[in-house]
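Q: These are the residues of each chain, in order.
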Amino acid sequence: MSEAYLRFWGVRGSYSAPFASHLDVGGNTSCVEIRADGHLLVCDAGTGIIPFGQHLMQQDGIREMLVILTHYHWDHVCGLPFFLPAFAEDWRLNFFGPGQNAGEIERHVSAQMRAPYFPVSTDTWHAAVDYLQPPGGNLEHGPFRISYQNVHHPGITYGYRINLNGKVIVYISDNECLFLNKSIEQRYQEFNSEEQRLYDSMKREEYDSALQFMQGADILIHDAQYTPEDYEKKRGWGHSCYIDTVNSAIDAGVGQLYLYHHDPNYDDERINAIHQDCLRIIAERQSALDCHIAREGLTLDLA
Amino acid sequence: MNRSNPVVVVVDDSPSVKSLFEHSTASLGVELKTFSSAASSLAYLNSQKPALLFLNIIMPDKDGLTFLRELRGNPLHEDTAVIMISSKDYAQDRHAAWELGALEFISKPMPMQAITEAVKKHIS
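Residue numbers (full-length UniProt numbering), protein chains in the order written: chain A, 1 to 303; chain B, 1 to 124.
Same shape as in the complex, but just chain B:
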């Protein structure tokens, strides 16, 4: 992987989602980093700003919306590009995501093409 490739971070507790992203982004020229919990992603996100961050909402250790709000409090991430991914598809959650500056809200189950298109759109 070229060190200058943009980094895409996925925070989701599902191993299948990790595989879905690996398949979807394999040919996009991005470096994919996946974390299975909000807590485990902090070692990276405390000091690094990815080109694009995908966040799940329902996770065992912390909900993705609360986590995004905490990240926004870090000057490093006040404008980080974020896309929420969730099995929740409620207006209240979409509204909360937009208020926190999420670019998109993708409902699970999403086809790989939706991931590919989102990465292309926001990385370019």
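Pulled out of the complex, with its shape left as it was, chain A reads as follows:
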């Protein structure tokens, strides 16, 4: 294993999917480990963080990490009550996520570990735990330089742009691509000509703004939860149709796209079919985008 790598520990959205038919892709919810130069960054704390914690307890060396949370929906935090390093005295955990200040981040993280929802609170964590005050600029952790931006998902949800020694990783677990643009298209005929002109330019602004955050990323990990058929039924739920995800990645000049936050109802066969259709779109658009399925256990060399 090289000194710098990224590993997927959980790739499902919404809820875990521990079904035999799903396990080639993986059943745990969102969690990604990024390790470089002896520093550890963890994106989200879904059920994937549970086996990750067990793995960490068996290794020597690193005893500190920064956990960046996109938001506090259960599938992104529900692994924390079972995350072993939090209960070990020799660990230091730093948390960051949406919130006005460190105290609010702490309240959000600890809320799920209260009676009657869980028998022990975060007070039982033996690790040194710190909740980071939102910085004026970028977050920094070892070699990681991290910026964040609101994305299109219920409540305040962040996407993260991580610069690691010049390599850019963008992590956007939950995001409904092109929501406003589709709303405009649906209502276009209701608008007068001046409104139509303004909304045409608003569509361009919205798309440019969304692309800017992922622009030129070496690695983009992005919500691709729905097929077009399911997206029509679940439009407004805050998740993307994979077609919009792959087109956005192409337009943003991304190097590698990892389809992420897989719908728990989709088995391996269905996700493979989604991937094949993404490859078709990429070929049709004559793009060099390298598109993969984010699979549990998949490790990317970042050296």
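To be clear, the hints were calculated from the coordinates, so they are not data collected in a lab.
One or more hints might be untrue.
As the list claims (entries may be wrong) - The calculated lysine to aspartate or glutamate pairs, modelled on DMTMM-like cross-linking and capped at a C-alpha distance of 25 Å, are:
| id | chain 1 | residue 1 | chain 2 | residue 2 |
| --- | --- | --- | --- | --- |
| 1 | A | K203 | B | D13 |
| 2 | A | K233 | A | D277 |
| 3 | B | K18 | A | E194 |
| 4 | B | K121 | A | E194 |
| 5 | B | K121 | A | E190 |
| 6 | B | K18 | A | D208 |
| 7 | A | K203 | B | E117 |
| 8 | A | K167 | B | D61 |
| 9 | A | K233 | A | E185 |
| 10 | B | K49 | B | D61 |
| 11 | A | K233 | B | D89 |
| 12 | A | K203 | B | D89 |
| 13 | B | K33 | A | E205 |
| 14 | A | K182 | B | D13 |
| 15 | B | K120 | A | E194 |
Put chain B on the given structure of chain A with help from the hints.
A: Below, chain B without anything else, positioned relative to chain A:
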């Protein structure tokens, strides 16, 4: 512009939204002030209370809900009339806006008439 005209402030990073408000309020007898970010609006909002404040939610520098909560902490704005405008149309965001005392939550894309009616309703 008459100096006594009520001031309507719009905080939204979209130039098209700015144009939409300019068209919508041109004949309403209000003074429109637009800012493209939460940070850029503070020089004004730290010391002035508009008659009506429109706030976008997804902005590059700060989300509008967090910004509204910060504004509510300033005694000057504890009861400022606020309308949220957003491409987000989720119940969680609407609920958060109401908890912060927003008068309305207008989903983008909104016709100019919706802006005109909201300004008339809350300025009068």
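Q: Each hint needs a verdict: does it hold in this structure or not?
A: The hints, checked one at a time:
1. A:K203 / B:D13: holds, 13 Å
2. A:K233 / A:D277: Roughly 20 Å between the alpha carbons, so the hint for K233 (chain A) and D277 (chain A) holds.
3. B:K18 / A:E194: holds, 13 Å
4. B:K121 / A:E194: The hint holds at about 23 Å.
5. B:K121 / A:E190: Measuring from Cα to Cα gives roughly 22 Å; hence the hint holds.
6. B:K18 / A:D208: holds, 17 Å
7. A:K203 / B:E117: Judged against 25 Å, a Cα distance of about 24 Å means the pair holds.
8. A:K167 / B:D61: Distance of about 23 Å is within 25 Å: holds.
9. A:K233 / A:E185: holds, 17 Å
10. B:K49 / B:D61: Judged against 25 Å, a Cα distance of about 22 Å means the pair holds.
11. A:K233 / B:D89: Holds. K233 (chain A) to D89 (chain B) sits at ~16 Å (cutoff 25 Å).
12. A:K203 / B:D89: holds, 17 Å
13. B:K33 / A:E205: holds, 21 Å
14. A:K182 / B:D13: Distance ~19 Å between K182 (chain A) and D13 (chain B) Cα, so the pair holds.
15. B:K120 / A:E194: Since the Cα atoms of K120 (chain B) and E194 (chain A) sit roughly 21 Å apart, the hinted pair holds (cutoff 25 Å).
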